Amino acid sequence: MQFRYVLLLVGAAFFAGGNAAMATMDSQLSVAKVRRIPAKRVLRALNEEPDDGEERGPFTSVSISQSLSNWINKAGPKLLLNDDEILVLASKAEHTPIKVLKTLELDTRLHGILRNPNLKSFSRYLELRGEDPTKALVATLIKQYGDTEVAKYLFDVKHNSKIADESIKKHADILLGAQYAKWADDGVTPRTVGVNFDHYPETWGKNPYEKVWWEYLDVWAERESKKVTKRNKTRK
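Read left to right, the sequence shown gives residues -20 to -1, 1 to 216 (mature numbering (1 follows the signal peptide of the UniProt record, and there is no 0)).
Simulated from the structure, these hints should not be mistaken for lab results. Among the hints, erroneous ones may be present.
To be verified - Computed beta-carbon distance windows for the label pairs:
1) Glu204 / Trp184: 17 to 25 angstroms
2) Glu65 / Leu197: 37 to 45 angstroms
3) Arg215 / Lys191: 35 to 43 angstroms
4) Ala73 / Thr183: 43 to 51 angstroms
5) Val68 / Asp178: 42 to 50 angstroms
As the list claims (entries may be wrong) - With a Cα cut of at most 35 angstroms, we get these calculated DSBU-like pairs of lysine-lysine:
6) Lys162 / Lys206
7) Lys142 / Lys186
8) Lys100 / Lys191
Given the structure is predicted, the values throughout are model-derived calculations rather than measurements. Backbone N, C-alpha and C define an ideal beta-carbon position, used for all residues, glycine too.
Produce the entire structure from the sequences given, and follow the hints as far as they go.
Listed below in structure tokens is the structure:
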């Protein structure tokens, strides 16, 4: 009888210890789960598509560390000139668009330029010079980065479904439309655009930039239709 009583005490102690151990383990798992949540959110944020289609390389230990630092610090381009300084630049003829583009550090990298706050300053500078800011901006970017490269960049941003900021996509759409208009004004034919963007029968359905040709064809056809209508009215 005494032996059975001892066994009951030992069993009770064992189960009590087991429950305590399980409670401790559950507590540790809960803490670990909570600690993992911010890390998951950070990694998810790092893997999200940038707002302007900017490419990121594979995540090595160095790139993760750097990207994590950027994410924490919210580092980004800063405004380099205030409104008064922009006004001074616009009032002097020697400050050409290309020079001001370099002053605002917009001359080294096309990707990311649409979310650079200095681009708005540049547009303001163009407006103060009495120019159409959209047309002049497109012309300056083309001069700096090349006609085809600018069109591809704007096209990529406009059609990138992963970009969450609709205002950036809309801005890209407006600028690309201005570039199409410039091509039409300069007498660029759809054939030339097809060559520049590798629009050939053998690449149909494979080349993402063949849609540039189709979009420009609509602009060009509308321009040509208006020309024909105008000529017909003149003859009457």
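Hint check results:
1. Glu204 / Trp184: 17 to 25 angstroms: Given range 17 to 25 angstroms: holds, Cβ gap about 24 angstroms.
2. Glu65 / Leu197: 37 to 45 angstroms: With Cβ atoms ~43 angstroms apart, the hint holds.
3. Arg215 / Lys191: 35 to 43 angstroms: holds (37 angstroms)
4. Ala73 / Thr183: 43 to 51 angstroms: holds (46 angstroms)
5. Val68 / Asp178: 42 to 50 angstroms: Because 44 angstroms falls inside the window, the suggested range holds.
6. Lys162 / Lys206: Roughly 16 angstroms separates the two Cα atoms, so the pair holds.
7. Lys142 / Lys186: Within the cut-off at roughly 20 angstroms; holds.
8. Lys100 / Lys191: holds (28 angstroms)
Against the hints set out earlier in the document, no violation occurs for any number.
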